[in-house]
Amino acid sequence: MHIFNDLTDFSNDEIGSLLELANQLDNYPEPDILKGKVLALLFFNSSLRTLTSFQAAMSRLGGGTFVVSPDMSIHGLETQTGIVMDGNAAEHINEAIPVIESYADVIGIRAFAQRRNLKEDLEDFSFKNLINLTSKPFINMESAINHPCQNLADWKTLDDFDIPKKDGKFVLSWAYHPNPLPLAVPASTLNMAAMRGMNVTVLRPDNFELPDSVMEKAKQIATVSGGSITETDNHNEALQDAHVIYAKSWTSSKYYKERDLEYEARKDLIEWRVKDSWFNNVLPSCRFMHCLPVRRGVVVDDSVLDSSRSIVIHEARNRMLAQMAVLYKMLK
Amino acid sequence: MHIFNDLTDFSNDEIGSLLELANQLDNYPEPDILKGKVLALLFFNSSLRTLTSFQAAMSRLGGGTFVVSPDMSIHGLETQTGIVMDGNAAEHINEAIPVIESYADVIGIRAFAQRRNLKEDLEDFSFKNLINLTSKPFINMESAINHPCQNLADWKTLDDFDIPKKDGKFVLSWAYHPNPLPLAVPASTLNMAAMRGMNVTVLRPDNFELPDSVMEKAKQIATVSGGSITETDNHNEALQDAHVIYAKSWTSSKYYKERDLEYEARKDLIEWRVKDSWFNNVLPSCRFMHCLPVRRGVVVDDSVLDSSRSIVIHEARNRMLAQMAVLYKMLK
Amino acid sequence: MHIFNDLTDFSNDEIGSLLELANQLDNYPEPDILKGKVLALLFFNSSLRTLTSFQAAMSRLGGGTFVVSPDMSIHGLETQTGIVMDGNAAEHINEAIPVIESYADVIGIRAFAQRRNLKEDLEDFSFKNLINLTSKPFINMESAINHPCQNLADWKTLDDFDIPKKDGKFVLSWAYHPNPLPLAVPASTLNMAAMRGMNVTVLRPDNFELPDSVMEKAKQIATVSGGSITETDNHNEALQDAHVIYAKSWTSSKYYKERDLEYEARKDLIEWRVKDSWFNNVLPSCRFMHCLPVRRGVVVDDSVLDSSRSIVIHEARNRMLAQMAVLYKMLK
Numbered sequence: 000m001h002i003f004n005d006l007t008d009f010s011n012d013e014i015g016s017l018l019e020l021a022n023q024l025d026n027y028p029e030p031d032i033l034k035g036k037v038l039a040l041l042f043f044n045s046s047l048r049t050l051t052s053f054q055a056a057m058s059r060l061g062g063g064t065f066v067v068s069p070d071m072s073i074h075g076l077e078t079q080t081g082i083v084m085d086g087n088a089a090e091h092i093n094e095a096i097p098v099i100e101s102y103a104d105v106i107g108i109r110a111f112a113q114r115r116n117l118k119e120d121l122e123d124f125s126f127k128n129l130i131n132l133t134s135k136p137f138i139n140m141e142s143a144i145n146h147p148c149q150n151l152a153d154w155k156t157l158d159d160f161d162i163p164k165k166d167g168k169f170v171l172s173w174a175y176h177p178n179p180l181p182l183a184v185p186a187s188t189l190n191m192a193a194m195r196g197m198n199v200t201v202l203r204p205d206n207f208e209l210p211d212s213v214m215e216k217a218k219q220i221a222t223v224s225g226g227s228i229t230e231t232d233n234h235n236e237a238l239q240d241a242h243v244i245y246a247k248s249w250t251s252s253k254y255y256k257e258r259d260l261e262y263e264a265r266k267d268l269i270e271w272r273v274k275d276s277w278f279n280n281v282l283p284s285c286r287f288m289h290c291l292p293v294r295r296g297v298v299v300d301d302s303v304l305d306s307s308r309s310i311v312i313h314e315a316r317n318r319m320l321a322q323m324a325v326l327y328k329m330l331k
Numbered sequence: 000m001h002i003f004n005d006l007t008d009f010s011n012d013e014i015g016s017l018l019e020l021a022n023q024l025d026n027y028p029e030p031d032i033l034k035g036k037v038l039a040l041l042f043f044n045s046s047l048r049t050l051t052s053f054q055a056a057m058s059r060l061g062g063g064t065f066v067v068s069p070d071m072s073i074h075g076l077e078t079q080t081g082i083v084m085d086g087n088a089a090e091h092i093n094e095a096i097p098v099i100e101s102y103a104d105v106i107g108i109r110a111f112a113q114r115r116n117l118k119e120d121l122e123d124f125s126f127k128n129l130i131n132l133t134s135k136p137f138i139n140m141e142s143a144i145n146h147p148c149q150n151l152a153d154w155k156t157l158d159d160f161d162i163p164k165k166d167g168k169f170v171l172s173w174a175y176h177p178n179p180l181p182l183a184v185p186a187s188t189l190n191m192a193a194m195r196g197m198n199v200t201v202l203r204p205d206n207f208e209l210p211d212s213v214m215e216k217a218k219q220i221a222t223v224s225g226g227s228i229t230e231t232d233n234h235n236e237a238l239q240d241a242h243v244i245y246a247k248s249w250t251s252s253k254y255y256k257e258r259d260l261e262y263e264a265r266k267d268l269i270e271w272r273v274k275d276s277w278f279n280n281v282l283p284s285c286r287f288m289h290c291l292p293v294r295r296g297v298v299v300d301d302s303v304l305d306s307s308r309s310i311v312i313h314e315a316r317n318r319m320l321a322q323m324a325v326l327y328k329m330l331k
Numbered sequence: 000m001h002i003f004n005d006l007t008d009f010s011n012d013e014i015g016s017l018l019e020l021a022n023q024l025d026n027y028p029e030p031d032i033l034k035g036k037v038l039a040l041l042f043f044n045s046s047l048r049t050l051t052s053f054q055a056a057m058s059r060l061g062g063g064t065f066v067v068s069p070d071m072s073i074h075g076l077e078t079q080t081g082i083v084m085d086g087n088a089a090e091h092i093n094e095a096i097p098v099i100e101s102y103a104d105v106i107g108i109r110a111f112a113q114r115r116n117l118k119e120d121l122e123d124f125s126f127k128n129l130i131n132l133t134s135k136p137f138i139n140m141e142s143a144i145n146h147p148c149q150n151l152a153d154w155k156t157l158d159d160f161d162i163p164k165k166d167g168k169f170v171l172s173w174a175y176h177p178n179p180l181p182l183a184v185p186a187s188t189l190n191m192a193a194m195r196g197m198n199v200t201v202l203r204p205d206n207f208e209l210p211d212s213v214m215e216k217a218k219q220i221a222t223v224s225g226g227s228i229t230e231t232d233n234h235n236e237a238l239q240d241a242h243v244i245y246a247k248s249w250t251s252s253k254y255y256k257e258r259d260l261e262y263e264a265r266k267d268l269i270e271w272r273v274k275d276s277w278f279n280n281v282l283p284s285c286r287f288m289h290c291l292p293v294r295r296g297v298v299v300d301d302s303v304l305d306s307s308r309s310i311v312i313h314e315a316r317n318r319m320l321a322q323m324a325v326l327y328k329m330l331k
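Protein chains in written order, with numbering that gives the first Met the number 0: chain A, 0 to 331; chain B, 0 to 331; chain C, 0 to 331.
In case anyone wonders, no lab produced these hints; they're calculated from the structure.
Incorrect hints may appear among the rest.
The list treats identical chains as interchangeable, and a pair is accepted whether it falls inside one copy or across any two copies.
As the list claims (entries may be wrong) - Quick list of in silico lysine-lysine cross-link-like pairs, BS3-like style, CA-CA up to 25 Å:
hint: 1; residue 1: K216; residue 2: K164
hint: 2; residue 1: K216; residue 2: K274
hint: 3; residue 1: K34; residue 2: K328
hint: 4; residue 1: K331; residue 2: K34
Given only the sequences and the hints, what does the whole structure look like? Please build it.
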């Protein structure tokens, strides 16, 4: 494996093999396997889980990690091409990325959507420009439209809790949030659940439909996997007999560039928050998932997050295990 | 050992065994012993010695460390319970701490006093709430009232310089500082010296008495250990025949919440600074200790700090060795 | 090797041996050789390459690294002696450096020129004060006047591309930059090329001559090595038959303390930028080097940097390899 950019680049067999490896590394540590190897982490956006889980993953396999984060005063990297760099940026990504990866055996990059243009972001246009600067094994640590490490960890979490693939009902629900959040997690989670063969219902209010191209891709995947994709704004319909509720806020792609209209569309949806009542008609074993960080009392009630339905900590720990498997496959 | 939160939770024998281990690891390195193991460091307050000495300690034992520091833009963690998180904080400690520790084999946390309420701080109320969120081995890296890593290092330092346990005179002296500093070091240092069986004199001006509960606890410890606790504002009396002067500034617990009154109480004490003259009637071998960082010319004169009496660098190095022993005991 | 502060402290044989070791470690990794060893990195000025390449170097040899950077809120270290520390600084370098190095087996320090006084900076006055506080193996990570890690990496780069020692023409060219940059790289690069026995031409505009003492030292070195040192403001003369163009902006030492005059002297030199036309009369194999970071379109045109002449990424990777050799020699 050389590039881990998009979960849909892999077959279900390959994903199964990665998850088997993740479990194996959890149960039978291999603390020498990557000794002398180096992971570079380049963040254009901040991180807690990704930052810490990658460092832990690499340590558990015997390797080392260095981090370049946006909190560093040196960080202001220029990303535009053909520019005269007489402003604040002292270095261009055309040098920074090849240099950083030259010190490493594998590089992870996080760079969120630019939000200049929905179409560009859906195609991960600027992220692909970053990838093109690399030649070493590469890991997407969240781009405008992909978050494969989260997806792999979530797949493992569904497996760990015996949530069925075929005929498993996966509800991906929008939730209120004070800020317009990225599309990477909902879009790539939709693909993950579709690949897994589940019946996925996207529960979202008007104006917060996922982009057509995202829905189309997931439907094509579901056709192959034997799953299905539906969408609704009706909670009762969506939540009936659910195996899992996966909550996530995301921006309106209708008002992608108009911050004021997006805010108007969102401000009356404050009650679109995961509550105990959402679980009235789900299956008894129904679980609650969220990729974290999550705002308590805003995205989800404390009572849900603190209940045994919530598996968000297990899900977060699986980030480390999934990433260990990816690093292992890339470097061994 | 699962929890290293308060030195007084351990017997003198257990402490002796930790210090023996610290010396052993200093003389006979074990660079493979913790390979594949991970230490998480979570700082709610900044650090230089603790941050660097823990990373070095873990490296020397073959393990890895990751750090979550208040300098990270992502850091604003919500600590209050039952709150609607519609403000700046994007994540709650109820998720952050279990997630961070899920990546690690042991977690260290630093969180200073909230200073909302003296009684709560003396009972380490908010820190205990943090500990309650952990299930892995846990290390207190300084709370409102405890700093066991410093205490263990200081005990070792006293041993290293053959400062007697029984009949050793330990002077814990307040010193001037422009800011009202925490109680954790003086309170826990008092306990450490008392456990060690020393005759402890607390030298402090009016208004800067240590809290009654702190003095009472230390006296009870001294009763068992064969040491003693006295307090005075008289330098001559306090410093006569001292084996060690341990300087530290601390806040007034009388004016704990009234910043203006605390400042008034402190501002005329600028000459309460460790000077050469303090050593006029001490024992010839008397040493000067301080946990660092120390303000030169404010807390202590250069001439003292630069003399052979000062053992502050040795003391600081012992932080690393003491922590290596704790990590070893917890993880092997 | 105990101190790596100035490349000119070493003989050509010693440098040859370091570079041989660097190549050997590149081709035959030794991931266990420094296990349990710790590198401390203390930055008074920010860094990207030095920070990341040292961490990677140490990981590849099996050791660990901790970093103290100016981005840390705790960082404000007092450097003046005899001062009453009643201001912002909470710790003095007289404590901080011995403490930090006490946790490590080797310490690297970066501290740029103070720019209070050219003579002091040329003698590395304040940096020598820092070195005097250390007793462990010490690495200069760029001071007012030296950057030996860069010099060693550059020497290796010249070797890697078969650029001749004797009769090799090395053009060190000033370039425009919006800010007055330090003298460490140009001064120490001049020495490096002179030691290597090359014919060095310093190409610079009026007012941007390198200081006399810098030129004199390089000439003495060249006398021994069989190389030569000339300077000119004439591009045609300088670039004719060049084997390598090494670009770097640097401050005017004539207006070292007068920011306004320095700016005046610089502002009309915006066209002093490495362009394709600079390569009209060089040797066919002529290479372009720069220590990075570099401002595209300001210091050098994209077309040069993106051409096969540019070896800046190879040069930057050699930082890691050169530092691995230094760490190895110091600690084994």
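Hint check results:
1. K216 x K164: within (19 Å within a copy, 60 Å between copies)
2. K216 x K274: neither (30 Å within a copy, 47 Å between copies)
3. K34 x K328: Both: 14 Å inside a copy, 21 Å across copies.
4. K331 x K34: both (11 Å within a copy, 19 Å between copies)
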